[in-house]
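Colleague: Residue numbers (the working numbering), protein chains in the order written: chain A, 1 to 328; chain B, 1001 to 1727.
Watch out, some of these pointers could steer you wrong.
Straight line, CA to CA, 20 Å or less: simulated EDC-like cross-link-like pairs of lysine to aspartate or glutamate [unchecked claim]: (1) B:1123 x A:316; (2) B:1247 x B:1258; (3) A:280 x A:260; (4) B:1591 x B:1580; (5) A:123 x A:159; (6) B:1123 x A:312; (7) B:1023 x A:208; (8) B:1104 x A:200; (9) A:34 x A:100; (10) A:243 x A:255; (11) A:199 x B:1034; (12) B:1701 x B:1711; (13) B:1123 x A:245; (14) B:1426 x B:1437; (15) B:1635 x B:1617; (16) B:1577 x B:1619; (17) B:1247 x B:1192; (18) B:1104 x B:1182; (19) A:243 x A:268; (20) A:53 x A:151; (21) B:1447 x B:1484; (22) A:291 x A:245; (23) B:1342 x B:1278; (24) A:199 x B:1105; (25) A:93 x A:118; (26) A:243 x B:1062; (27) B:1123 x A:208.
Read the hints as simulated data drawn from the structure, not as lab findings. No experiment lies behind these values; they were computed from the predicted model shown.
Here is what each chain is made of, one letter per residue.
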Amino acid sequence: MSDSAYRVQTTPRLAQWRIENLASCTYRKSDPFKIGNWNWHLSVEKNRVLFVKLFPEISNLTRDNPPIASFIVRVVSSVGGRQAITHPEIKDKVLKNNEDFVWAIEVPLTGKFIIDVEFLDLKTASPNGGEPCSIWAEGFTQQRSNAKAIESLGRMLTEGIHTDITINASDGSIGAHRAVLAARSPVFRSMFSHNLQEKELSTINISDMSLESCQAFLYYLYGIIKHEEFLTHRLALLQAADKYDISDLRDVCHESLLEDIDTKNVLERLQNASLYQLMKLKMSCIRYLVKFGKIYEIRDDFNTFLRNADRDLISEVFHEVLDAWKGF
Amino acid sequence: MKTNFHIEAFKNRVSIDPKYFDKTWSVLEHAIHEIYNQNDRHLSFEELYRNAYNMVLLNFGERLYSGLVATMTAHLKEIARSIEATQEGSFLEEMNRKWNSHNKELQLIGDILMYMDRTYVPKNGKISVHELGLKLWRENVICSNQIRTRLLNTLLEMVCSERAGEVINRGLFRNITKMLMDLGPSVVYGEEFETHFLQVSAEFYQLESQKFIECCACGDYLKKAESCLKEEMDRVSHYLDPSTEKKITDVVAKEMIENHMLTLIHMENSGLVSMLCEDKYEDLGRMYNLFCRVTDGLAKILEVMTSHIRESGKKLVTDPERLKDPVEFVQRLLDEKHKYDKIINFAFNDDKLFQNAFKSSFEYFINLNPRSPEFISLFVDDKLRKGLEGVREDDAEIALDKAMMLFRYLREKDMFEKYYNLHMAKRLLSGKTVSDDAERSLIVRLKTECGYQFTSKLEGMLTDMKTSLETMQGFYASHPELSDSPTLTVQVLTSGFWPTQSTVICNLPAELSALCKKFRSYYLDTHTDGRLSWQTHMGTADIKATFGKVRKHELNVSTYQMCVLMLFNTADRLGYKEIEQATEIPASDLKRCLQSLALVKGRNVLRKEPMSKDVDEDDAFFVNDKFSSNLYRVKIGTVVAQNESEPEKLETRRQQVEEEGRRSQIEAVIVRIMKSRKKLDHSNLMAEVTEQFHANPTEVKKRIESLVDRDFMERDDNDRQLYRYLA
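All chains should be modelled from the sequences, with the hints used to inform the complete structure.
Modeller: Put into structure tokens, the structure is as follows:
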């Protein structure tokens, strides 16, 4: 038997299986074919009657999100001028296994015939328990639209499309857009609402930020920052988030800094956590120093810290030490 | 030179210029002064913001905050002095201008210090820059001794001017109001202005009301009060805070309405009673709307209105003059009800309290007259006696609905039922009713109000009329040979449904008597368990007569009158006694009958000798060959309807109803005795009845006969004196 005997031809919503010859008392299962999110099989089984089955391939996807299908199945016989037998339309049927749709055809079929399946709709259960939603519905359009919008916004920045404000960092300048900055930060919104220098000269002089950090900052605001850039400029971004009141950027920096505390950076991070009031980061650093006994590994640096750091911060570290020693 | 700094890894020490704060604060302070001097275009927001940001990060927040307080305070003290020095005419303008500038400056300064507001302020329990600015303005400007008093006086003077009809700068006043509200709705606007405004207003309206009450009629005064309320509400909407509206309207209501409530209500010739009498809906509505603004206002109106309605209603139902015409009496009641329904609907906002008060008042006075049930029944009788003929269906329904409205107020509804039963019987038997549908329509209403028991007799009466018609059709269908005989129409009346159960019978003319015998045979053949007794005193007849051998007339007469007249077909002269003997009509009925036939001018188809005004037993009667009339058809009524005066007529009807009641009671006693005894002879039954119930023995005998006829009891076949109770 040739390989093509098991292959199902597909378009995005149509599946067609051509069967050249089917002997009596036989069973044949098609190769998998993909419609929507699932891989499917067709099978034919011939006894006194012909059974046609349609079912999704067994997988985690099928188990967790079984397809809810609406479709039309036809069998077209080459005998007698393409005689067609059509099953009544199936609507919103959950298909989990090969017993969920079985079509018994009484008419004897011989020779060549074609099984056509036209998928009218495929739905999946809604995560929040609402109505099942079609995988071909608006949500996917929304996704593509979002991606395109972000890409376009990024191009506004990278290609300098209709920029109306110049940001002068300590060692260079970048063109940007008042509206985007104002929408992302209440500080920038206030800045542009008063008749001060920024409005008159269309420039912002951010002298406490390097050009590279400033660029990373703007990339984040416009939604196109890369992960490597983020890691490189995390602390600068944290300061900018704190300064310009961008809470989502602040949260992202906070979570990132929590993930790779070590003996080389713990004191610096403790200081930054205190400065920018990042409570979880502060407690993690103190716990790292005290409970994990890292104080002894950085004794010299810690002594420097005790001499120069804020008194309240030193007091917190001291109380943690006392708590840790309570058991002795 | 600016100091740049940053926190680096702890390889290096953090170093701060010892003079950093002083230098940086100096820059900020200078900038704030530039802002105050409207010279801020050259300032850099980023630079200033960054400076404040770094100061807070370096734990200089406290000094930054207190520096701001000091700078702002000093500035506002200057502002206060400047406002204090302003000339009288431009005081508010200057105040407003300075306030607007302050707000703009505050906005910019707050934005520059945004980081401090976001971090240092909540952490240290301080108030925000914006709130601080308002607080300092309140403390240094508004509460300045000179400004505070002057501001209040200026505002109050503007209100006085506007009340005097002058034009003031409302926009400016509105701006000042907004300032006071921003500074503190209760503490500043409420205490510094509103309280005083309300007090001055109370004094103003106290004087106004005193002036108006002395020279205005009630209606005009209320118009003025309404106008004052509207003026004050307009003032609030133009330039005061909306929260003031309730307070100022309460003041106006108290001074102009509450303090003069009783004076207004009882004002001579224009107060509440006058308004009610003269149907002044607009004034009443205005009084209602104004009085509902004050405590007990509506209660006072209600009290006086109720008292007036009861008094005027009492006059209405007890005036002897009005009692002469029952239909007019009822119509006046309906008019009174319509009047007050309209007042309550149009002027009193369909207020439930007023509706209920009116209902109880109306019920009070309609029942003062014990004849109200009878009069309402007569009113309905008047409408149903062709009274609705030619009237549209809707109007007919309306008339019946109105009667039902009054009926609902009656306490003695059973009395109405008795009278209505009587009147309906007369309508039906005399063929005077406008239509069966109209009769049934009212019965449906009565049943809805009072239940089936109340109307069962009435429905029975209508059923009898219908059944009688069918019976007569059947009778003539089975007797085709009667086509040449006089036409007979019999109404078969079921005992118990109809009032009056007299069994008096007279001698009918031979032709009629034979006809009646045929009918009785026919009826009893089809009603084997029935009894039939004739009520000849209730019948009518149409007869043809020839006078003087040439003048022909058709006479409409009572059955008794027919019996008398038919005698003259075979006699030229008949004495009273001969007539009495021939007809066996009871004497009192016969006398009235003969009076109707012989003594009524224009209706005297008989002639009497001797000529006198009354009928005596020695009189003789002849056909009046000289009788003539312009009409072919002549109706001769019974003389009692012509001669009996109205009060006697009403008295007769009342006695009739009372007698019927007594008869029912006697029968009830008889039935109770027989039920317990099962068998009792006549003399013992009489003794027991008279023992329990004081009654005329003759009347008791009649009741016994009636009960035997109606099969409550029967006579023993062997002993005619023995009665047997029938279960």
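Colleague: Compare the structure with each hint and give your call.
Modeller: Here is what the structure says about each hint:
1. The hinted pair formed by residue 1123 of chain B and residue 316 of chain A meets the criterion: a straight-line CA distance of about 17 Å does not exceed 20 Å.
2. For the hint pairing residue 1247 of chain B with residue 1258 of chain B, the CA-to-CA distance comes to about 15 Å; that is within 20 Å, so the pair holds.
3. A threshold of 20 Å between alpha carbons decides the hint, and for residue 280 of chain A with residue 260 of chain A the separation of about 14 Å falls inside it, so the pair holds.
4. Proposed proximity of residue 1591 of chain B and residue 1580 of chain B is supported: the alpha carbons are some 10 Å apart, at most 20 Å.
5. Under the criterion of a C-alpha separation no larger than 20 Å, the hint pairing residue 123 of chain A with residue 159 of chain A is inconsistent with the structure, at around 41 Å.
6. Among the hinted pairs, residue 1123 of chain B with residue 312 of chain A is consistent with the structure: their alpha-carbon atoms are about 14 Å apart, no more than 20 Å.
7. For the suggested pair residue 1023 of chain B and residue 208 of chain A, the alpha carbons sit about 18 Å apart, so the restraint of at most 20 Å is met.
8. Distance restraint check for residue 1104 of chain B and residue 200 of chain A: the Cα-Cα separation of roughly 18 Å lies within the 20 Å cut-off, and the hinted pair is therefore satisfied.
9. Our distance criterion of 20 Å between C-alpha atoms is met by residue 34 of chain A and residue 100 of chain A, whose separation comes to about 18 Å.
10. Among the hinted pairs, residue 243 of chain A with residue 255 of chain A is consistent with the structure: their alpha-carbon atoms are about 18 Å apart, no more than 20 Å.
11. Taking the CA atoms of residue 199 of chain A and residue 1034 of chain B, the gap is near 17 Å; set against the 20 Å cutoff, the hint holds.
12. For the proposed pair residue 1701 of chain B and residue 1711 of chain B, the alpha carbon gap of about 15 Å is at most 20 Å, so the pair holds.
13. Note on residue 1123 of chain B and residue 245 of chain A: the hinted pairing holds, with a Cα-Cα distance of about 16 Å set against a maximum of 20 Å.
14. Under the criterion of a C-alpha separation no larger than 20 Å, the hint pairing residue 1426 of chain B with residue 1437 of chain B is consistent with the structure, at around 17 Å.
15. Between residue 1635 of chain B and residue 1617 of chain B the CA atoms are separated by roughly 26 Å; this puts the pair beyond 20 Å, and the hint is violated.
16. Restraint check for residue 1577 of chain B and residue 1619 of chain B: satisfied, since their Cα atoms lie roughly 9 Å apart, inside the 20 Å limit.
17. Between residue 1247 of chain B and residue 1192 of chain B the CA atoms are separated by roughly 15 Å; this keeps the pair inside 20 Å, and the hint holds.
18. With a CA separation close to 14 Å, the supplied pair residue 1104 of chain B and residue 1182 of chain B stays within the 20 Å bound.
19. Proximity of residue 243 of chain A to residue 268 of chain A is assessed by CA-CA distance (about 19 Å); at most 20 Å being required, the pair is judged to hold.
20. Between the alpha carbons of residue 53 of chain A and residue 151 of chain A the distance comes to roughly 45 Å, so the proposed pair goes past 20 Å and is violated.
21. Taken as a hint, the residue 1447 of chain B and residue 1484 of chain B pair is broken in the structure, with Cα atoms around 45 Å apart against an allowance of 20 Å.
22. This hinted pair does not check out: residue 291 of chain A and residue 245 of chain A have alpha carbons roughly 33 Å apart, beyond 20 Å.
23. With a C-alpha separation of about 13 Å, the suggested pair residue 1342 of chain B and residue 1278 of chain B falls inside the 20 Å cut-off, and the hint holds.
24. Between residue 199 of chain A and residue 1105 of chain B the alpha-carbon distance is near 17 Å, which keeps this suggested pair within the 20 Å criterion.
25. Under the criterion of a C-alpha separation no larger than 20 Å, the hint pairing residue 93 of chain A with residue 118 of chain A is consistent with the structure, at around 14 Å.
26. Between residue 243 of chain A and residue 1062 of chain B the CA atoms are separated by roughly 19 Å; this keeps the pair inside 20 Å, and the hint holds.
27. Restraint check for residue 1123 of chain B and residue 208 of chain A: not satisfied, since their Cα atoms lie roughly 26 Å apart, outside the 20 Å limit.
When each numbered hint is compared with the structure, violations occur for hints 5, 15, 20, 21, 22 and 27.
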